[in-house]
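A.B. asks: Required output: the full structure, derived from the provided sequences and hints.
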Amino acid sequence: MRKSRNQKIEAYVDAAVRVAQIRVHARIAGVSPEDYLDSRHDDSLEIIERLARYYWRRDMAKELNMPGRLAIAFEKHRRSITDPEQLIKKLEKQVGSCGQYYEIWLPRMMGAIAGCIRFYDLDEPLRAALWASVDYPATGPTEKDWEEVSDMESDAWDAIREASI
166 MRKSRNQKIE AYVDAAVRVA QIRVHARIAG VSPEDYLDSR HDDSLEIIER
216 LARYYWRRDM AKELNMPGRL AIAFEKHRRS ITDPEQLIKK LEKQVGSCGQ
266 YYEIWLPRMM GAIAGCIRFY DLDEPLRAAL WASVDYPATG PTEKDWEEVS
316 DMESDAWDAI REASI
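Heads up: take any position in the sequence shown, counting from 1, add 165, and you land on the working numbering.
Worth flagging that the hints you see were computed from the coordinates, not collected in a lab. Take these hints with a grain of salt, some might be off.
Distance condition first, Cα-Cα at most 35 Å in a straight line; then the derived DSBU-like pairs of lysine-lysine [what the hints assert, rightly or not]:
#1 254 - 241
#2 255 - 173
#3 258 - 227
#4 241 - 255
#5 309 - 227
#6 258 - 173
Label-pair distances were calculated between CB atoms; the ranges are [said to hold, decoys possible]:
#7 329 - 182: 48 to 54 Å
#8 313 - 241: 26 to 32 Å
#9 308 - 240: 48 to 54 Å
#10 267 - 186: 44 to 50 Å
#11 172 - 251: 29 to 35 Å
#12 224 - 172: 16 to 22 Å
#13 185 - 267: 47 to 53 Å
The beta carbon of each residue, even a glycine, is placed where N, CA and C say it ideally should be.
C.D. replies: The following block contains the structure:
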């Protein structure tokens, strides 16, 4: 938890510093912060996306008075977190297809969903949508469900090992 808290603070500080740098450099160059683009700071979008991961509930674009392109990037990433379809696609991409083995894919997908819910501290409707994607109720799987899925995965791996011998 402490590590996560530090990452959250670092994301905020990095974004605030980057916005301030852009504003100062734009002023020195005599252009609007909206028009200022510094190739040395090409990681600005990554910094803003990291900020959105931790502060998706707040309007940080307004709080930090971000230039337009950064505000758009923040909103885009923030929307991807609050859109269940995009979250599911992202999780499916992370988990992969696991070939023909649903028995291996399901526990991995369930773990990814549980991790996503914990990381973002998602609201009930978003949780329900994520769990519905793997055919579980809004409350998520029970301990018994987790055990069954774990056993199912173990059996699949045993079958794979036997077939490869």
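A.B. asks: Okay, which hints does this one fail, numbers in order?
C.D. replies: 5, 8, 9 and 11
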